[in-house]
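Chains as they are written, first to last, in this note's numbering: chain R, 1 to 155; chain Y, 156 to 887.
The set of hints was computed from the structure by calculation and includes no laboratory data.
It cannot be assumed that every hint is accurate.
Mimicking BS3-like on lysine-lysine, the simulated pairs with C-alpha atoms at most 30 Å apart in a straight line are [claimed, not checked]:
no.: 1; chain 1: R; residue 1: 84; chain 2: Y; residue 2: 389
no.: 2; chain 1: Y; residue 1: 417; chain 2: R; residue 2: 4
no.: 3; chain 1: R; residue 1: 84; chain 2: Y; residue 2: 381
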Amino acid sequence: MAYKIRVNGVDRAVDVDGDTPLLWVLRDVLGLTGSKFGCGMALCGACTVHLDGSPIRSCVTAIEDVGASAITTVEAIGDTPAGKRIQRAWLDLEVVQCGYCQSGQIMSASALLASNPHPTDSEINDAMSGNICRCGTYVRIREAIKQAAKSRVDK
Amino acid sequence: MLLDRFTSFAGGSSGSSPESVSRRTFLKAGAAAGGGLLVSVTISKAIGDAEAADADAFAPDAFIRIDRSGQVTLIIPQVEMGQGTYTSMPMLIAEELEVELNQVRIEHAPPDDRLFGNSILGFQVTGGSTSVRAFWEPLRMAGATARSMLVSAAAASWQANASSCRAEKGEVIHIPTGGRLAYGALVDKAAKLPTPGNVALKDPKDFKLIGTSAKRLDAPDKVNGKAEFGIDVKVLGMKIAAVAACPVIGGKLAHVDDWKAKSVRGVRRVIRLEDAVAVIADHMWAAKKGLAALDIAWDDGKNADVSTADIVKQLEDAANRPAVVAKREGDVAKAMAGAVKTVDAVYQLPFLAHATMEPMNCTAHVRNDGCDVWVGTQVATRARAAAAAVTGLPLEKVQVHNHLLGGGFGRRLDVDNITQAVQIAREVDFPVKVVWSREEDIQHDVYRPYYYDRLAAGLDEKGLPIAWSHRVVGSSIEARWAPPAFVNGLDSDAVEGAAGPYAFPNVLVDYVRQEPPPGLTTGWWRGVGMTHNAFMVEGFIDELAASAKHDPVAYRRALLETNSRMRAVLDLAAEKAGWSEALPAGVGRGVAVMFGFGTYIAEIAEVTVGKDGQVRVQRVVCAVDCGRTVNPDTIKAQIEGGIIFGITAALYGEITLEKGRVVQSNFDTYQMLRIDEAPAIEVHVIDSDAESGGIGEPGTSAIAPAVVNAIFAATGKRLRRLPIKPADLKSA
Numbered sequence: 001m002a003y004k005i006r007v008n009g010v011d012r013a014v015d016v017d018g019d020t021p022l023l024w025v026l027r028d029v030l031g032l033t034g035s036k037f038g039c040g041m042a043l044c045g046a047c048t049v050h051l052d053g054s055p056i057r058s059c060v061t062a063i064e065d066v067g068a069s070a071i072t073t074v075e076a077i078g079d080t081p082a083g084k085r086i087q088r089a090w091l092d093l094e095v096v097q098c099g100y101c102q103s104g105q106i107m108s109a110s111a112l113l114a115s116n117p118h119p120t121d122s123e124i125n126d127a128m129s130g131n132i133c134r135c136g137t138y139v140r141i142r143e144a145i146k147q148a149a150k151s152r153v154d155k
Numbered sequence: 156m157l158l159d160r161f162t163s164f165a166g167g168s169s170g171s172s173p174e175s176v177s178r179r180t181f182l183k184a185g186a187a188a189g190g191g192l193l194v195s196v197t198i199s200k201a202i203g204d205a206e207a208a209d210a211d212a213f214a215p216d217a218f219i220r221i222d223r224s225g226q227v228t229l230i231i232p233q234v235e236m237g238q239g240t241y242t243s244m245p246m247l248i249a250e251e252l253e254v255e256l257n258q259v260r261i262e263h264a265p266p267d268d269r270l271f272g273n274s275i276l277g278f279q280v281t282g283g284s285t286s287v288r289a290f291w292e293p294l295r296m297a298g299a300t301a302r303s304m305l306v307s308a309a310a311a312s313w314q315a316n317a318s319s320c321r322a323e324k325g326e327v328i329h330i331p332t333g334g335r336l337a338y339g340a341l342v343d344k345a346a347k348l349p350t351p352g353n354v355a356l357k358d359p360k361d362f363k364l365i366g367t368s369a370k371r372l373d374a375p376d377k378v379n380g381k382a383e384f385g386i387d388v389k390v391l392g393m394k395i396a397a398v399a400a401c402p403v404i405g406g407k408l409a410h411v412d413d414w415k416a417k418s419v420r421g422v423r424r425v426i427r428l429e430d431a432v433a434v435i436a437d438h439m440w441a442a443k444k445g446l447a448a449l450d451i452a453w454d455d456g457k458n459a460d461v462s463t464a465d466i467v468k469q470l471e472d473a474a475n476r477p478a479v480v481a482k483r484e485g486d487v488a489k490a491m492a493g494a495v496k497t498v499d500a501v502y503q504l505p506f507l508a509h510a511t512m513e514p515m516n517c518t519a520h521v522r523n524d525g526c527d528v529w530v531g532t533q534v535a536t537r538a539r540a541a542a543a544a545v546t547g548l549p550l551e552k553v554q555v556h557n558h559l560l561g562g563g564f565g566r567r568l569d570v571d572n573i574t575q576a577v578q579i580a581r582e583v584d585f586p587v588k589v590v591w592s593r594e595e596d597i598q599h600d601v602y603r604p605y606y607y608d609r610l611a612a613g614l615d616e617k618g619l620p621i622a623w624s625h626r627v628v629g630s631s632i633e634a635r636w637a638p639p640a641f642v643n644g645l646d647s648d649a650v651e652g653a654a655g656p657y658a659f660p661n662v663l664v665d666y667v668r669q670e671p672p673p674g675l676t677t678g679w680w681r682g683v684g685m686t687h688n689a690f691m692v693e694g695f696i697d698e699l700a701a702s703a704k705h706d707p708v709a710y711r712r713a714l715l716e717t718n719s720r721m722r723a724v725l726d727l728a729a730e731k732a733g734w735s736e737a738l739p740a741g742v743g744r745g746v747a748v749m750f751g752f753g754t755y756i757a758e759i760a761e762v763t764v765g766k767d768g769q770v771r772v773q774r775v776v777c778a779v780d781c782g783r784t785v786n787p788d789t790i791k792a793q794i795e796g797g798i799i800f801g802i803t804a805a806l807y808g809e810i811t812l813e814k815g816r817v818v819q820s821n822f823d824t825y826q827m828l829r830i831d832e833a834p835a836i837e838v839h840v841i842d843s844d845a846e847s848g849g850i851g852e853p854g855t856s857a858i859a860p861a862v863v864n865a866i867f868a869a870t871g872k873r874l875r876r877l878p879i880k881p882a883d884l885k886s887a
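Looking at chain R on its own, in the form it has when it is part of the complex (with noise of 0.2 Å):
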């Protein structure tokens, strides 16, 4: 059936069955393919949206549940403060390596630091450990987030 959803400030209609997750309709309908696709089970995160601003796993989230929410992918995240703030860092302190997981993990950090200004070691485990990164750059991911943090909101 035809639902109405707003991505990235945009409406779009897509034609599916209620139960499409959420990230089949961004990567296969709407060719927004910055979420990216990693477990189906919301086991690693790659997935990762904002719904109304909070994190979500699209690889588990029905089209049919997502109604009038905002959603927000990768590709609009650097228009948010916190959102711009966290690819600077991550560019700043060489993040990525072979980037794949980095969509969601910037998701991820995005959602903490727009809740949350000054995240502790603890409250960055309890956000970041549903994003698994086999490269293994968490190191500089936590690193990251703690110079998002400290960096200025632009005017």
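Given the structure of chain R, go ahead and fit chain Y onto it with the hints provided.
Coordinates of chain Y only, in the frame set by chain R:
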């Protein structure tokens, strides 16, 4: 190791020996199609001097194109899988060409062994930590030659002497007048000049870019979702396929009832392969629903009852069979007989999956007159050959469009996913993207072999080894993947580093090949043979130190008298880790050293072991000497990541079989280390101007033995098998 074998069967010198690898570079410059200057780089490989003198006999290994806008494009065979190659290769060019790093762009090379062979491995491949080692001099020479030609062209325009001109930031400057000409304005003129021979390379002390932590060129697109991995390809008219291969290793498809699947909205086709079935649909979810709606009967075949225990039993039995000698020095039997004490042990390592974050995938479009393949691969020419074999098309009718790799770790050195995707795509007249589920990815991997090794040592009155024997028993990856490397029953990768970096007076290393049941394929895994042997050797050395009641660092030091670079990293790691400082109860420190890929490394792990047996690695200190460095920050990043990769394997990594099926399926049963478990990591890089060593793999290879040795220090329990099982360490 792998590298040695490739160079040795190619007739070259060892890729991992400390001695300099002698290769020669040939350059040819001329006009680029469509205007500009094109420099082709050819590296002589494994060919005698007489032939090597004739540069025309070779096809180029890389191209550098400078267009009329001054844009520099580097076309190289290496792929980017996280290791930083797309930054380090442009750095080599930019340094000598005198352009800013951001003026250099990279293009994926099309598949062609003749054009893009890796000079160490002999064909187009990214693996074995070879990229910087292969291209260190050739790319610098290419940059220097192009710069020299541009300077000559500018000098001619000014009717000046070239020596009165210099190059800087993409321009040639006439020093006396301050006149400037941009490279873009000079390329056509330069292209008409003869290629100069013997252009001098910079003295390393004058490097402006090499040796600095220049920013990764691939990073910006990896933080905003723009980076395109193989799985992200969009082709007009493309459909998506989900696939299920026979869950029993080596089994076949018997029968499929597909009427329910065909009624799932969006499902287009059901494709039957010999050992798998695929559902093609408008999008992945429809394909997955279609797949779930199939009623499939499998022919389990001969492996229907195979379990890991059967395979281990076969390996154990094989250990008693006659072995092929890999290394024999002195007389081990005699030395053992005369030893004050002998120690022996069996060490084992499990099958491992790669679990790259980007699951295996491949997009293919098969037509009567050609085939296109979109994929991220470490072996583009093999990808093309695989597609040609399935379609029956000649090689030149197959186009491989290579992409960024969402992790490689050796998995993308195989092309089974490409063969399968082309088999599916040839059944339809539109492009198909085949995406494996995570379960398919883990259950149909090419696995790191299970190894069952027997080690023995004879000790003198001081407790130092006077005899060392190591029998390696396991599958041969070379026999399948690089048959010319598998000579006289010996797999050189399986035995690489089997006597460690030590100088023992009497050594015997031998090998028994024992393959798992047909259908279970073994393959390269990060750190290759070194990851296997460093675990066996460094664990066993630690046992010897303990049996002699020596400190583990001091004991290794004593065995490395003549190996000054190895000893230097050991000393540095020990100093930085505070080796001699006391630790609280339940905490232990363990050390391991390794020489491989041309790199010397020492790692010291600090672990805690809970009463419940849970192990936590809280700190790792690494000292590494990988010769001269192109980008120090990339080296640190590779070591940090390599350590995490190795800890994941030590704590969790294990693929097991029951009734012929892989038991593990997703990240709940095949676990990865997560951020809350990640240790603090310190990497200390030794300043060196020796030849560059590889860096993608050493970090992984040395960490597991450091961790088990630290567990021994904390608990007195010696683990000779991975993964570490908390049940074995419970103290309550």
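Here is how each hint holds up against the structure:
no.	hint	verdict
1	84(R) x 389(Y)	27 Å, holds
2	417(Y) x 4(R)	27 Å, holds
3	84(R) x 381(Y)	15 Å, holds
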